[in-house]
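Residues per chain are reported as follows:
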Amino acid sequence: MSTAEGIYHKAGSLRSERRWALWVSYTSLIIASIIFLAPPAYMLITSLKTNADMANLAGNPWLLTNPTLEHYGAILGNPIFLVFFWNSVKVTLLVVALTMVISILAAFALARMRFWGSQFLATGVFLTYLVPDTLLFIPLYQIVGGLGLLNSTWGLVLVYPTLTVPFCTWIMIGYFASIPKELDEAALIDGATWPQMLIKIFIPVALPGIIAATIFAFTVSWAAFVYPTAFVTTPDQMPLTIGVVSQLVRGDTFAWGQIMAGALLAALPPVVVYAFLMDYYIAGLTAGATKG
Amino acid sequence: MAADGTVDLRGAPTPAPRASTLQRLARRRSSIAFLMTLPLIAVVAGLVVYPAGYAIYLSMLNRRMDAFAGFLNYEILIENDTFWMVVWQSCFFAVVAVLLKALIGFWLAHMLHHIPTKGQRKWRGMLLIPWVIPPALSTLGWWWMFDPTYSSINWVLAVFAVPAVPWLGEPWWARISVIMVNVWYGAPFFMIMYLAALKSVPEQLYEAAAIDGASSTQRLIHITLPMMRNIISITVLFSLIVTFANYDIVRVLTNGGPRDLTHVFATYAFQVGILSGNIPRGAAVSLFMLPALAVFAFFILRGVTQRNREMA
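If you're matching them up, the sequences are chains E and F in order.
Each step along the first sequence adds one to the number in the numbering used here, with nothing skipped, and position 237 is 237.
Each position in the second sequence, counted from 1, maps to that position plus 1000 in the numbering used here.
Hints listed in this document are in silico derivations from the structure and should not be mistaken for laboratory results.
Positions of the beta carbon are idealized from the N, C-alpha and C atoms, including for glycine.
A hint or two may mislead.
Stated by the list, open to error - Some chain F residues close to chain E (C-beta under 8 angstroms, calculated; not the full set):
#, residue
1, 1029
2, 1043
3, 1137
4, 1206
5, 1279
6, 1300
Said to hold, decoys possible - Each pair of labels, with its calculated beta carbon distance range:
#, chain 1, residue 1, chain 2, residue 2, range
7, F, 1173, E, 146, 37 to 45 angstroms
8, F, 1126, E, 17, 57 to 65 angstroms
9, E, 200, F, 1209, 44 to 52 angstroms
10, F, 1221, E, 189, 49 to 57 angstroms
11, E, 254, F, 1200, 45 to 53 angstroms
12, F, 1276, E, 179, 32 to 40 angstroms
13, E, 254, F, 1294, 39 to 47 angstroms
14, E, 179, F, 1071, 30 to 38 angstroms
Claimed, not checked - In silico lysine to aspartate or glutamate, EDC-like type, Cα no more than 16 angstroms apart, as pairs:
#, chain 1, residue 1, chain 2, residue 2
15, E, 200, E, 185
16, E, 200, E, 190
17, E, 90, E, 190
18, F, 1122, E, 279
19, F, 1118, E, 185
20, E, 90, E, 70
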């Protein structure tokens, strides 16, 4: 009798424990969301405020009373901002294309064709991924300068692959290695050559991995900050990140509305990619440690 | 080539020449493979290995870069108070920020794991946003929130009757601000990694533990943590490297100030090497990061290979 009571008691406590846990979960998530989303939300509020409202110390800074698009109009009418945008687009697209060609070819070779030193090279690729850009920017400054590519977007196209290629190769090795060997055997029996095998089998089958790697390369090149800060000082060659930080922030009176509008517009492409391809984005993020 | 072909055709039915064909195929395969990895080798060798070696050479030159100076740059740095402040600040920044990111990420991953699966996607999508915005740009937003006159954070604090905080003006508050922004940016990454790890723990283990009457703390200590140990260590070490070598947040938020008290290795190397034009000394500053990074990298590599072996 007493044991039965004990079990009922236990069941009741389990249910209340579960409800309590759920309540704690939702409270934590709500608080975290408010803190995590407050800075971008405040950037948006600032970008929509009039200058008079921003200077008004009496009101609540988080409230938007007279929304205006004047800062967006001003920033989009600013020719240098459009130059920054174009530079970012150009550099990012070139780097993504270069990265994907280099890493798909290399990952295919490393995952499927064992050759002398291939294991060593795969480990080396992973180690290069762990070398931060802040360790390399001074020697690269000398090297890029020696090639006459300082103050040029081409210099950035040359050095950005150090940020993207190692990780993309690493996760592509993981994706390619997970493709069953029976598929290549069947293709070889049918007389397929290695390039045919790569294009007709590996790329289509590993497409989710390729999308994840492309997203990674895109977001990293778009957000790169150390290299453009070090290598580019003329505004007309700057990509968005350093352009917004160095050219819009100047003088004693900050045009906060324009700065925030510019920063939000600059952050838009990666956020849009994330919004539409969230699952691939997260797959790429977690692949480094869970795959490979 | 033609002679080889005829040999192949004639010898095809007997086993011995077939082996030689296979051998040739293998040899050809490895040369194709080498060609395919050539661009990768060029990037790794030309843009990572060579610059790393070149940095060591640069750090041993004199300021005008026309004579060899041995370890002079290192000696000057070791006797420099600002440099030791940079070392201390980098370590403090990396350790505190990574610890907070790991704890917050672990907590949030658990909370996400507890709620019904249907709602998880929506919350996860929202909570990852800080990680998606390029940090240089979101830090601009923080900078404006820390603005001494118009600080919107101080306004919120004032609602709770907390006195205004001089966020970027006082050295200690500036250090805390830099850490706050880094934690805000990095905690979502930890959350995503730990959530993926939590989802890979087999449900049967928890069921078995529940039957044995394990409490939730016991389940955490005896099932969840051991199963996640590898991912936790890889993520923490990886984040230690990235945080230790961080540049953008400090550059945008404080630019090393007030009075050079918030510089980390990367911003100090930038200031010395690029802005003041002393390339060799700047290279020496950034090379001081190398020992710590090498230790972290060694343990990450060990963790990753261990994990691969476990999963294979």
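Hints violated by the structure (numbers, ascending) | 4, 8, 12, 14, 17, 19 and 20
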